[in-house]
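A.B. asks: Here's the letter readout for the chains.
Protein chains: 2
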Amino acid sequence: MIGVFDSGIGGLTVVKELFRLLPEYRVLYFGDTARTPYGNKSEKTILRYAIQDTELLLEKGAQIIVVACNTASAVAAEELKRKFNVPIFEVITPAVKKAVAVSKNHRIGVIGTAATVKSGIYERLIKQNGRKFAIISKPCPLFVPLVEENWIKRPETKTIAKKYLQSLKISSIDSLILGCTHYPLLKEIIQVKIGRRIKLVDPAQETVLTIKEFLAAHPEIEKTLPKNQSHQFYLSDLTPKFQDIANRWLGKKIKLQLVEME
Amino acid sequence: MIGVFDSGIGGLTVVKELFRLLPEYRVLYFGDTARTPYGNKSEKTILRYAIQDTELLLEKGAQIIVVACNTASAVAAEELKRKFNVPIFEVITPAVKKAVAVSKNHRIGVIGTAATVKSGIYERLIKQNGRKFAIISKPCPLFVPLVEENWIKRPETKTIAKKYLQSLKISSIDSLILGCTHYPLLKEIIQVKIGRRIKLVDPAQETVLTIKEFLAAHPEIEKTLPKNQSHQFYLSDLTPKFQDIANRWLGKKIKLQLVEME
Numbered sequence: 008m009i010g011v012f013d014s015g016i017g018g019l020t021v022v023k024e025l026f027r028l029l030p031e032y033r034v035l036y037f038g039d040t041a042r043t044p045y046g047n048k049s050e051k052t053i054l055r056y057a058i059q060d061t062e063l064l065l066e067k068g069a070q071i072i073v074v075a076c077n078t079a080s081a082v083a084a085e086e087l088k089r090k091f092n093v094p095i096f097e098v099i100t101p102a103v104k105k106a107v108a109v110s111k112n113h114r115i116g117v118i119g120t121a122a123t124v125k126s127g128i129y130e131r132l133i134k135q136n137g138r139k140f141a142i143i144s145k146p147c148p149l150f151v152p153l154v155e156e157n158w159i160k161r162p163e164t165k166t167i168a169k170k171y172l173q174s175l176k177i178s179s180i181d182s183l184i185l186g187c188t189h190y191p192l193l194k195e196i197i198q199v200k201i202g203r204r205i206k207l208v209d210p211a212q213e214t215v216l217t218i219k220e221f222l223a224a225h226p227e228i229e230k231t232l233p234k235n236q237s238h239q240f241y242l243s244d245l246t247p248k249f250q251d252i253a254n255r256w257l258g259k260k261i262k263l264q265l266v267e268m269e
Numbered sequence: 008m009i010g011v012f013d014s015g016i017g018g019l020t021v022v023k024e025l026f027r028l029l030p031e032y033r034v035l036y037f038g039d040t041a042r043t044p045y046g047n048k049s050e051k052t053i054l055r056y057a058i059q060d061t062e063l064l065l066e067k068g069a070q071i072i073v074v075a076c077n078t079a080s081a082v083a084a085e086e087l088k089r090k091f092n093v094p095i096f097e098v099i100t101p102a103v104k105k106a107v108a109v110s111k112n113h114r115i116g117v118i119g120t121a122a123t124v125k126s127g128i129y130e131r132l133i134k135q136n137g138r139k140f141a142i143i144s145k146p147c148p149l150f151v152p153l154v155e156e157n158w159i160k161r162p163e164t165k166t167i168a169k170k171y172l173q174s175l176k177i178s179s180i181d182s183l184i185l186g187c188t189h190y191p192l193l194k195e196i197i198q199v200k201i202g203r204r205i206k207l208v209d210p211a212q213e214t215v216l217t218i219k220e221f222l223a224a225h226p227e228i229e230k231t232l233p234k235n236q237s238h239q240f241y242l243s244d245l246t247p248k249f250q251d252i253a254n255r256w257l258g259k260k261i262k263l264q265l266v267e268m269e
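If you read the sequences in order, they're chains A and B. The first sequence: position 198 = 205 (my numbering), numbered continuously. The second sequence: position 145 = 152 (my numbering), numbered continuously.
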């Protein structure tokens, strides 16, 4: 199974891309809703949670791990790769690859949670492609609660987006990485406020394309993956709101199951 | 020691009132910042966390427990009182008492997190004072992240406050309970948007007044409480942001210590 974890429900944007681009494989999802969000927590705590999340997915039969959370990818993916002997994918490297490919003026914007921006990982990875690249980052901590409030098209969200994106807008970037799994839900507003000429990069999509390439190159792993639609969705806490958002995002009713983390 | 716990740093508004109204007693604070916030989680999970938080404070020597979090007060205080054999104070009953006393037209507004409003506890407790009371509630989930972003005087916060308070404003209430420990930080904006004639009730202040009365009535407990300023502040996660906010709210530099919860 393809195991996917996130700090909460944001990682369902990755599941949506898996359903679209790799529809034949069974998905095992874990969202740590009892401790969500990760983006406002320390690196040490995020790392501990990411290890526990990975162990849970492996116990439940995951053969591949996808860290669907930008914050956990930024802080914990390297350590997870050292610690666990399975293929581990994170959402940052594929997004960097895409941004570097599409940027013509070598000025790339990055938006994300406080923890992701603070980690500086996008800067580091983009600069590995040459010192000519300039990266302009901006934490947008209110975007996650706005999405979870479902204020996706509200005027208040537009005002906040305008405020957050102001400094990026005047910085001559030509591409912008949506460095948090929730942000693709605000794609329309972000595109309007940052300007139509800026290319938005969605890590969820790029990550699933990377997994697709990996499976094509590794038939010995690909053939062991179960190929049916019995997807499983686990959360460490259940509320009616999560069920609503999950159904709406994935466009169908899914069954969420509770799993205790402690 | 007076033990105080909260889902994060919001409970420092209660500590501030303790410092103001009961300055002689030693305070032991625990903020569950590794799992913050509680307001978007299920009752079952909030109850489990509240029991763990109380056990931690008791292990560290608390003789009195103050549940400084409205969400935990709403969901868990009754169970904590059954389970633990120490005086336990929550922030809801004192706020209800005050609101019932100040309301002249018997129409009381309540704002809080999704979990607090959903619990219906303010309605139930206010209605115990007579069926003449009408309660109009409104969850304001973005207020907590706005305060933690320190967007306390920003135009975006004013717009959101206006939106949230619209239905309350036209509902002829004459008093409004700030049913979340973060909300007193937005008192000015809330007062402007709801209208100057509405009396705001701050549960932190009312709770500390209740504790003061209790100690005056129970000298046998009062005399056992250590009376010096060696306050202790524990958090389950540490970030520089928490330190900033804590210093700013309490108006002095405090030492935050990490304690692991699992």
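Source of the hints: derived by calculation from the structure; they are not laboratory data. Note that the structure is predicted; figures quoted are calculated from it, not measured. Yeah, the Cβ is synthetic: ideal placement off N, Cα and C, and Gly gets one too. Please note: incorrect hints may appear among the correct ones.
To be verified - A partial selection of chain B residues facing chain A, derived with a Cβ cut-off under 7 Å:
1. R42
2. K48
3. S49
4. E50
5. L54
6. S126
7. P148
8. L149
9. P152
10. D181
11. L245
A.B. asks: Kindly indicate which numbered hints from before are broken by the structure, ordering the numbers from low to high.
C.D. replies: Of the numbered hints given earlier, those the structure breaks are 4, 5, 6 and 10, listed in rising order.
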